[in-house]
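Novice: Based on the hints, put chain B in the right spot on chain A.
Chains as they are written, first to last, in my numbering: chain A, 39 to 500; chain B, 39 to 500.
For the record, the hints were derived by calculation from the structure and aren't laboratory data.
The list cannot tell twin chains apart, which means a pair is met if one copy fits it or any two copies do.
List of simulated lysine-lysine pairs, DSS-like, C-alpha gap at most 27 Å:
{"id": "1", "residue 1": "Lys44", "residue 2": "Lys115"}
{"id": "2", "residue 1": "Lys40", "residue 2": "Lys459"}
{"id": "3", "residue 1": "Lys184", "residue 2": "Lys305"}
{"id": "4", "residue 1": "Lys184", "residue 2": "Lys44"}
{"id": "5", "residue 1": "Lys298", "residue 2": "Lys113"}
{"id": "6", "residue 1": "Lys233", "residue 2": "Lys496"}
{"id": "7", "residue 1": "Lys184", "residue 2": "Lys316"}
{"id": "8", "residue 1": "Lys386", "residue 2": "Lys344"}
{"id": "9", "residue 1": "Lys344", "residue 2": "Lys40"}
{"id": "10", "residue 1": "Lys113", "residue 2": "Lys459"}
{"id": "11", "residue 1": "Lys459", "residue 2": "Lys148"}
{"id": "12", "residue 1": "Lys459", "residue 2": "Lys85"}
{"id": "13", "residue 1": "Lys148", "residue 2": "Lys316"}
{"id": "14", "residue 1": "Lys298", "residue 2": "Lys40"}
{"id": "15", "residue 1": "Lys298", "residue 2": "Lys59"}
Protein chains: 2
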Amino acid sequence: MKTTVKAIYQNSDKYLDKEVKLEGWIRNIRSSKSFGFIELNDGTFFKSIQIVFGEQLQNFREIGKLHLSTSIMVKGKLVATPQAKQPFEIQATEIEIEGISTSDYPLQKKRHTFEYLRSIAHLRPRSNTFSAVFRVRSILSYAIHKFFQERGFVYVHTPIITSSDAEGAGEMFRLTTLDLQNLPMTEDNEIDFSKDFFGKSTNLTVSGQLEAEAYALAFKDVYTFGPTFRAENSNTARHAAEFWMVEPEIAFADLEDNMKLAEDMMKYIISYVLENAKEEMEFFNSFIDQGLIARLEGIVNSDFEKITYTQAIELLKNAKKEFQYPVEWGVDLQTEHERYITEEVYKKPVFVTDYPKEIKAFYMRINEDDKTVAAMDLLVPGIGEIIGGSQREERLEILEQKILDNGMDPKDYWWYLELRKYGGTKHAGFGLGFERAVMYLTGMTNIRDVIPFPRTVKSAEF
Amino acid sequence: MKTTVKAIYQNSDKYLDKEVKLEGWIRNIRSSKSFGFIELNDGTFFKSIQIVFGEQLQNFREIGKLHLSTSIMVKGKLVATPQAKQPFEIQATEIEIEGISTSDYPLQKKRHTFEYLRSIAHLRPRSNTFSAVFRVRSILSYAIHKFFQERGFVYVHTPIITSSDAEGAGEMFRLTTLDLQNLPMTEDNEIDFSKDFFGKSTNLTVSGQLEAEAYALAFKDVYTFGPTFRAENSNTARHAAEFWMVEPEIAFADLEDNMKLAEDMMKYIISYVLENAKEEMEFFNSFIDQGLIARLEGIVNSDFEKITYTQAIELLKNAKKEFQYPVEWGVDLQTEHERYITEEVYKKPVFVTDYPKEIKAFYMRINEDDKTVAAMDLLVPGIGEIIGGSQREERLEILEQKILDNGMDPKDYWWYLELRKYGGTKHAGFGLGFERAVMYLTGMTNIRDVIPFPRTVKSAEF
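For reference, chain A alone in the conformation it holds in the complex (with noise of 0.2 Å):
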């Protein structure tokens, strides 16, 4: 009968010992006068089958000589070796070839670097790190919505072409129908946007969250995921001109509530993914990152720390370690800083709460003491940050003052003040950035290496 590989690992007694056809392509080949080996991957499971063959195969010497990554239809009885490694093997009756694979074909079986299987990035997800990385990638993107569909949140597509800039800053990639060549111009010598095909200049989003919360006032507890874009000119391992981001954004909602989402989902996504992806990441924990798992784990059996940032202040100076960047209440912290708290004081991830305003951004609502914002960034072993979030300012007059004070004009947000003043609420949300997340939980440590075809500076192959 015909099968998969994934169904005969999940369920071999019901195939053992019985006849069944497999279609995948070949990992590995290895043969001799009179028998062969072949490790058949169909692309439903991590791990490949093995099949063996034999002389009374009619074809025996044209399979012996097959490339790697040729595509055949194997029929064979599945028998249990017991002495073996694997726990079974296919004994082929048959095999036939689908589609020829050449001796040049670049995945051959030895340690690439993964800078060259950037290179081929259409071939990658048939090597194992990226067969795993890709399938959990996909398993987490399900657990974010399974999390959140199964409380009620209702998924919304926030535009990716936007005139307006979320965060008042962020380096945006225009967007254009324009002839460059042959650029209309207004009277004042200005490029005429109103030519252009939205009839004014558009850029690409880089975040959904005002929209989001348009939404939050609607339904009260909404989330986003889709694709945002940075034109960032950063040539690092952590950034991506095109990533994905996780929004949620949820009304009658303080910056408590924000934080128990946020512990909720991280413990809820991980558990998912050590339950559905096990192959994978036995992997991961083998042979990229020893100790991920244990890592994992302990997170998800956790009590999240809270401390403000005040407090965070205070550890970083009185700590018995020299920081390359100095702290000083008013800064920014960097990774290091954000590593030793959850590292090395908590050992668990902590939650860093109510930053200066001034390196905060406009929405962010101002507490009582007038010096901070209701902001809150989580902070993992191993990484630092993974989430800043924050409750949003609700209050119209204090909202348009924070856009003034940031140079920008209340026009252009009519629509988010509106939110404000047709019955507000207190409401809250946070970012996560669904690529540092997959690389935190496959231990993966290149943004490249996460995205199906990453696009970089210079860099927008495929």
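Specialist: Frame of chain A; chain B shown alone:
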């Protein structure tokens, strides 16, 4: 106890005759000298709940004057009202104002045109119609993920920024960080895109299919679900510049498998929405599109028909009906033709297969007749085409020739061709325009009314 409107509707026995606490927005309010009624909606549920408040409240007079959309906290007892239209109401013992609204609230209790509501896209999810639309959009999104994930499909985030053009056609948005006032030029007086962010000219994607194929040839079954873009200057009720697409891609699969998948998916997602958005679907059925539920149930319970394009042309030629666009073998089917076939001939969903190769994309597999390709469109009553797909050309030489025949450069498709060189196999896939599906499921007729913040020609507000 603090609860939600949804919890009360779903489990009213638990709350009856108990003190409850709710937070939400005033959807409607009327009051007399000694008592008043509030319809309170908290966003968690389509329906509102009735609050009765009397003069024993110390702020009775203040409450009576509140404007629509004011956010309030209500404490009171839930009591059954067997004589009334609504099954229960809350007798308020305390009402606290959280955020006032004003008399100029733009969403007054009267009929507004959808066109007007588009101008207040930040507030329209607070109306019945758009609350229903956008909750269904969210539930439908989840149904799609659930369908594919439960079948072991891997979700792939294909790139949004691209330097290629999936269809070999289609008008695209250019992306740039160059200073348009001061464009760098080459010696040949061309714009020097090597100075642009990615070192070359880039666009927004029109489809993730080609990249999804790379992943299908590693994971067997994959799908994408993300935004795609068209810079088409079409100001119609069915075109948006930014919309979401669902694109499954399956390996070791042919056109038959593809049609089976499309049929299973359509039935699953429709059933899921009918089951999980009951109140919203009843609303659409009553106020937007009478007969909607029966039509959708009809689809779930029918066996989809399959005919070839050649048969479809015969049917249309023999039709006792005048078409605006005459038919002849070789022309593309228009919506009037599609609707005739699915609504008048078969009265159920119909797959039309094997279209002339000249009217379909380069990547579709050529049939043995060398005239048609293994394409399939799914036509459904009330709309016409809702899904388009095909088996993909897996034969390297034929694909290369097709690329040349379409005036494209095989070098630009080097990696796509390599998928056929290294263990290619038969594979297939299709695309479902997500907004088209939302329109189909809700009966809404303008694409601007199923996208939270729509982007169309000359319009990118919010």
